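Line by line, the protein sequences are chains A and B.
Quick note on numbering: my numbering labels position 160 of the first sequence as 160, and the sequence is numbered without any gaps.
Quick note on numbering: my numbering labels position 12 of the second sequence as 333, and the sequence is numbered without any gaps.
If you're looking for bench data, these hints aren't it; they were derived computationally from the structure.
Since the structure is predicted, the reported quantities are computational estimates derived from the model, not experimental observations.
For each residue, glycine too, the CB sits at the ideal point set by N, CA and C.
Don't take every hint at face value.
[As the list claims (entries may be wrong)] Sample of chain B residues with no beta-carbon within 12 Å of chain A, all distances over it, derived:
| # | residue |
| --- | --- |
| 1 | D324 |
| 2 | G381 |
| 3 | T445 |
| 4 | I482 |
| 5 | T514 |
| 6 | S540 |
| 7 | A585 |
| 8 | T593 |
| 9 | E596 |
| 10 | I600 |
| 11 | L615 |
| 12 | L632 |
| 13 | R636 |
[Unchecked claim] Computed footprint of chain B on chain A; a stretch qualifies when at least three of its residues, placed anywhere within it, have a C-beta under 8 Å from a C-beta of chain B:
| # | stretch |
| --- | --- |
| 14 | 21–31 |
| 15 | 110–119 |
| 16 | 123–134 |
[Said to hold, decoys possible] Not close to chain A: a few residues of chain B, all C-beta gaps over 12 Å, as computed:
| # | residue |
| --- | --- |
| 17 | L573 |
| 18 | P623 |
| 19 | R640 |
Chain residues, written in single-letter form:
Number of protein chains: 2
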Amino acid sequence: MTDFWLDFPGIPEDLSHVQKAVQEALGYDHALIQNALGDLFEGDGKLLRPGLLLIASRFGKRDEKKTIALAAALEMLHVATLIHDDIVDDSPLRRGLPAVHSRYGKKDAVLMGDFLLSRCFILTASYTSPANATLLAKAISVICAMEIEQDLDRFTASPSIRRYLRKIMGKTAVLFSLACHAGSSEAKVPLRTSERLRRAGYDLGMAFQIIDDILDYESTESLVRKPVGNDLKAGLATLPLLCALRNDDGKLAEMVNPTNFRHADVPILINTVIERNGIQDARTYAHRYTNRALAEIAALPPGTPRELMHLLATRLLDRTY
Amino acid sequence: MTDFWLDFPGIPEDLSHVQKAVQEALGYDHALIQNALGDLFEGDGKLLRPGLLLIASRFGKRDEKKTIALAAALEMLHVATLIHDDIVDDSPLRRGLPAVHSRYGKKDAVLMGDFLLSRCFILTASYTSPANATLLAKAISVICAMEIEQDLDRFTASPSIRRYLRKIMGKTAVLFSLACHAGSSEAKVPLRTSERLRRAGYDLGMAFQIIDDILDYESTESLVRKPVGNDLKAGLATLPLLCALRNDDGKLAEMVNPTNFRHADVPILINTVIERNGIQDARTYAHRYTNRALAEIAALPPGTPRELMHLLATRLLDRTY
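Only chain A is shown next, with the shape it has when bound in the complex (with noise of 0.2 Å):
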């Protein structure tokens, strides 16, 4: 776990019994997958989706086990699909390391994603109420459905900024509005709040992608990292690139041509987006989305837990990694 924790008070120590509970249910009767999966969840992932969980869940009176188990399978179902995505996408590295499917071959990727969509099912069966175990299946359902409609889509479609909203919307606000929703409803709290919180999970979530596909504009290390060329070719346009799109007079288009695409051409690329706005403009819409997350924070009922949802409004707005 990271330090980004470190100042909401309680949360690193329920984070640790989190990154427990999922050790444990991955089993231990499967030392192999076990060794190649545990690695995933002691990285320097910062455990946002379960974080979020237990700060949703402290509006109420939560079931400490309960709510523990209920973060750790939302974990396990983020990384399960973060291990399909990157074999759907052929994306080599996941955080500057190699990707499963990079390490174990597609066929065991394919079955580690559906061996820890498994397990956290078996988590939510038996530790929480039917209706979050609902919960979060139905977001496996909406992830690949909206995943599988744009694919179907993507001869008719052109990359757009609106295409691109619901890309993340699918990919990461889904979860976090999860996070949200099944934290506050798992602690029995109110029905307006559950609701409020879920629409802050679901900006936060939008919020976050944008500044994460930001970043990867930003650090000079994404050079390296991100197979820029590769997102180009399969249509994977973010919003920064798709913002200078619209402040072009025709040379960004030219270059971003997937004929014309040479990857030696990336820091080109990334000064072209920079000096047509893409950047300042992507911003806007990140600060627009945690400006509704705020306000729906605002209206949260007082105390220590609205005041860890707004602190980490902010830090993700402000984040540089």
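Place chain B on chain A using the hints.
Frame of chain A; chain B shown alone:
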């Protein structure tokens, strides 16, 4: 649905409800996916696993709605594993038709499998007991874990009958056994009977898969349908070949050496397997498992459900399709 179940009183009616439950569980929000996946449940599938579950539930007092939901979830789980298996094994065909990944690409096939799994869990979380929801999730994790472990092991282990039996245990026997276990426990069948059914299901699954692999050698159609060469290259030799290799003077071993193997040799290979008693010996294995199943079935409480189990066991052994 095929005519397979025609003389099992009540089962065809139940199975048509199962098919409806599957369609409902796929949801109507996602027309594209509904279409793509709906096909898979309407083909010439025998619905063996849900059929077995329905018979097992008749040993107790079943709640119709729950039992139908559970049977539907089991079939969805089965189809999800088939979709992912075909990606993993690079099989272009499934039941003589293009596999999902051949039709929609690997990317959407991974996602469609995940979508199906999640829909399966929504169904179990909503309708069945948490114990049965857990059973289904555990079955997936066992299936995946066994495949992964065999795969991580592939550089050390040579193809062998023991390895083959382990593989089909993970692939087929686990689900047959689960069908009996889940169906009977949802219907509150006493533990002793339920355990007996579970063991019978396991043995039936083993026999079924062996027969399936024998039929692949016997049917001339299989020359077209099955990518035998790929199977051999991936170390996926099935029982007839493995038995024949035991009676071999070296000629067959030479022929199936992956570096020598040419697809055009398939007809000669099949003849050699038959000459070396591969099919006959494999049938002996299938008989042994069927006999074990029949012994368990004979010890079940008498009545129509037991007769149906007996009929199913003999029919699975004698089938030629």
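Comparing the hints with the structure gives:
1. D324: Non-interface label on D324(B) holds, nearest chain A Cβ at 33 Å vs cutoff 12 Å.
2. G381: For G381(B), whose nearest Cβ neighbour in chain A is about 21 Å away, the distance exceeds 12 Å, so it holds.
3. T445: Label violated. Min Cβ-Cβ 7 Å, cutoff 12 Å.
4. I482: The claim stands: I482(B) keeps its Cβ more than 12 Å from every Cβ of chain A (closest is about 23 Å).
5. T514: holds (24 Å)
6. S540: holds (27 Å)
7. A585: The claim holds: A585(B) sits with its nearest Cβ about 27 Å from chain A, beyond 12 Å.
8. T593: holds (29 Å)
9. E596: holds (34 Å)
10. I600: holds (29 Å)
11. L615: holds (31 Å)
12. L632: holds (33 Å)
13. R636: Given a closest Cβ separation of 31 Å, the condition holds.
14. 21–31: Since three or more residues must qualify, the claim that chain B covers the stretch 21–31 of chain A holds, with 3 doing so at under 8 Å.
15. 110–119: Coverage by chain B holds for the stretch 110–119 of chain A (9 residues, Cβ < 8 Å).
16. 123–134: holds (count 6)
17. L573: Its Cβ never comes within 12 Å of chain A, the nearest being 27 Å, so this holds.
18. P623: Fine: 35 Å to the nearest Cβ keeps P623(B) off the interface.
19. R640: Holds, since 30 Å exceeds 12 Å.
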